[in-house]
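Novice: Now for the letters of each chain:
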Amino acid sequence: MVERAFEITEEDISVDEVVARLADPAIGAVITFVGVVRSVTEGREVRYLEYEAYPEMAEKVLRQIGDEIRARWKTIREVAIVHRVGRLQVGETAVVIALSAAHRHEVFDAVHYAIDRLKEVVPIWKKEVWADGAGWRSEGG
Amino acid sequence: MNEWTNEQMANEQIAVKVRFFAAPREAIGTGEIEVEIPAGSTVGDLIDLLTKEYPALRPYTRFISVAVNRAYVGMQSVLHDGDEVACLPPVGGG
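Residue numbers (the working numbering), protein chains in the order written: chain R, 1 to 141; chain V, 1 to 94.
Extracted from the complex, chain V is given alone in its bound form (with noise of 0.2 Å):
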């Protein structure tokens, strides 16, 4: 592998699904979305650009929980080309 191919690797993005509910879904005014990132992310870099984007989700953020592919995660997982991702408020059924 030469230092071209390196640099290449490092600029590669992947692109994720997000998808929100309840409160901040009402806050951001979408339940699902496209992010591009770069690729070796974790859950926590998207939160952090989500944030960035939607100011709107900074009251949120401290309470979310993160699935990945319908799975919960911790804030360090990394995310893959592909992935859903769900930023799920503190739920309440039944």
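The following block holds chain R by itself, in its conformation from the complex (with noise of 0.2 Å):
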């Protein structure tokens, strides 16, 4: 099992950082999904984010997610996903997930998985702030 495979930051994530920490011989692929701040939503410019987070709780399931992919995907041998919190800027990394597998069949549909699940259940929001005003924002609004 890897060290901080799951793990909640208010530091700048590294996507080699978090491949580094898959380091195994016996992979053969390496998937990972960058989430990016973006400077557009729904036609409204954004300045900046602020993630916040459940950081013991958002860890957790994290971890329940990497368990489930696993026992569904039995080629994904590890997990890790890093999701940062705090003011965040456009452009700037917020989440990596990163899958390692003997064989590149079933990462493609396991990344995924992994992150519509993170939207869905793991405990982190994020505040849209606009040159006129501030808005939460969840999956469903």
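Hints are not guaranteed to be accurate.
[As the list claims (entries may be wrong)] Here are the computed lysine to any residue pairs in the SDA-like style, where the Cα-Cα straight-line distance is at most 25 Å:
#1 Lys119(R) - Val66(V)
#2 Lys60(R) - Pro59(V)
#3 Lys17(V) - Glu59(R)
#4 Lys60(R) - Ala56(V)
#5 Lys52(V) - Glu36(V)
#6 Lys119(R) - Val19(R)
#7 Lys60(R) - Glu12(V)
#8 Lys127(R) - Glu36(V)
#9 Lys17(V) - Glu56(R)
#10 Lys127(R) - Glu45(R)
#11 Lys60(R) - Ala23(V)
#12 Lys17(V) - Glu7(R)
#13 Lys17(V) - Gly86(R)
#14 Lys60(R) - Asp81(V)
#15 Lys119(R) - Tyr60(V)
#16 Lys60(R) - Lys52(V)
#17 Lys60(R) - Ser77(V)
#18 Lys119(R) - Thr41(R)
#19 Lys60(R) - Val68(V)
#20 Lys127(R) - Gln76(V)
#21 Lys60(R) - Arg58(V)
#22 Lys127(R) - Asn11(V)
#23 Lys127(R) - Ser77(V)
#24 Lys60(R) - Glu84(V)
#25 Lys119(R) - Pro59(V)
#26 Lys127(R) - Ala27(V)
#27 Lys127(R) - Val66(V)
#28 Lys119(R) - Lys52(V)
#29 Lys127(R) - Ile33(V)
#30 Lys17(V) - Glu45(R)
#31 Lys60(R) - Pro90(V)
#32 Lys60(R) - Gly74(V)
#33 Lys119(R) - Val78(V)
#34 Lys60(R) - Lys17(V)
#35 Lys127(R) - Tyr54(V)
#36 Lys119(R) - Asp81(V)
#37 Lys60(R) - Tyr54(V)
#38 Lys119(R) - Val73(V)
#39 Lys60(R) - Gly31(V)
Calculated from the structure, these hints are not laboratory results.
Two independent chains are provided; combine them into the complex using the hints.
Specialist: Here is the structure:
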């Protein structure tokens, strides 16, 4: 099991550093998903985002998602998910998901599942700050 | 067990920590409070009590999910002394 595989952090996230956590001579494929702050949502210009988490529970739920993935896709060896919180500027990395496998089969399905589940169940919230106001966003609204 | 003891048990209070996040946290102006509530109370009872004490929570209660000790639970779940209860508005990470 990878150390610090499921983490909420206030620091910049490096994709290479998260991938390095999966290092293992038996793997033949690593797939990553990188979530980045974009400048426009639904026609409004975003100045920056404020991410907030319930960190103790978020890390636990991320770990559960990792367990779900390995139960469902036997080819997946390791899972690492790191999510940043605090103030993030446009272009900065909010989340990195990295999965390793012996072979490439099914890793695409597994990473798709990981980001969908993250958005659905992990206690993390995002507030968009616009030039003329601010609002909390969820998947549903 | 005699009647006096039963009476005493009926009056027993437990203390829980309640944490708030995102919009409801901003609405009530704090991220964490301690609440005393009668032993045997459910999560739903706690939400009712909180809504009375913090009317600013009212617009959020129908959307809130609740976690006790860092796991999602239903409104019928019974609380215990020392529980950490979290009021979680719809999530949206990523």
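Novice: Hint by hint, say whether it matches the structure.
Specialist: These are the hints, each one checked on the structure:
no.: 1; hint: Lys119(R) - Val66(V); result: 17 Å, holds
no.: 2; hint: Lys60(R) - Pro59(V); result: 29 Å, violated
no.: 3; hint: Lys17(V) - Glu59(R); result: 20 Å, holds
no.: 4; hint: Lys60(R) - Ala56(V); result: 30 Å, violated
no.: 5; hint: Lys52(V) - Glu36(V); result: 14 Å, holds
no.: 6; hint: Lys119(R) - Val19(R); result: 21 Å, holds
no.: 7; hint: Lys60(R) - Glu12(V); result: 32 Å, violated
no.: 8; hint: Lys127(R) - Glu36(V); result: 31 Å, violated
no.: 9; hint: Lys17(V) - Glu56(R); result: 15 Å, holds
no.: 10; hint: Lys127(R) - Glu45(R); result: 13 Å, holds
no.: 11; hint: Lys60(R) - Ala23(V); result: 23 Å, holds
no.: 12; hint: Lys17(V) - Glu7(R); result: 24 Å, holds
no.: 13; hint: Lys17(V) - Gly86(R); result: 24 Å, holds
no.: 14; hint: Lys60(R) - Asp81(V); result: 22 Å, holds
no.: 15; hint: Lys119(R) - Tyr60(V); result: 19 Å, holds
no.: 16; hint: Lys60(R) - Lys52(V); result: 32 Å, violated
no.: 17; hint: Lys60(R) - Ser77(V); result: 20 Å, holds
no.: 18; hint: Lys119(R) - Thr41(R); result: 16 Å, holds
no.: 19; hint: Lys60(R) - Val68(V); result: 13 Å, holds
no.: 20; hint: Lys127(R) - Gln76(V); result: 31 Å, violated
no.: 21; hint: Lys60(R) - Arg58(V); result: 29 Å, violated
no.: 22; hint: Lys127(R) - Asn11(V); result: 42 Å, violated
no.: 23; hint: Lys127(R) - Ser77(V); result: 30 Å, violated
no.: 24; hint: Lys60(R) - Glu84(V); result: 15 Å, holds
no.: 25; hint: Lys119(R) - Pro59(V); result: 23 Å, holds
no.: 26; hint: Lys127(R) - Ala27(V); result: 14 Å, holds
no.: 27; hint: Lys127(R) - Val66(V); result: 20 Å, holds
no.: 28; hint: Lys119(R) - Lys52(V); result: 31 Å, violated
no.: 29; hint: Lys127(R) - Ile33(V); result: 23 Å, holds
no.: 30; hint: Lys17(V) - Glu45(R); result: 38 Å, violated
no.: 31; hint: Lys60(R) - Pro90(V); result: 18 Å, holds
no.: 32; hint: Lys60(R) - Gly74(V); result: 19 Å, holds
no.: 33; hint: Lys119(R) - Val78(V); result: 28 Å, violated
no.: 34; hint: Lys60(R) - Lys17(V); result: 19 Å, holds
no.: 35; hint: Lys127(R) - Tyr54(V); result: 22 Å, holds
no.: 36; hint: Lys119(R) - Asp81(V); result: 32 Å, violated
no.: 37; hint: Lys60(R) - Tyr54(V); result: 29 Å, violated
no.: 38; hint: Lys119(R) - Val73(V); result: 19 Å, holds
no.: 39; hint: Lys60(R) - Gly31(V); result: 20 Å, holds
Checked against the numbered hints given earlier, this structure breaks hints 2, 4, 7, 8, 16, 20, 21, 22, 23, 28, 30, 33, 36 and 37; the rest are met.
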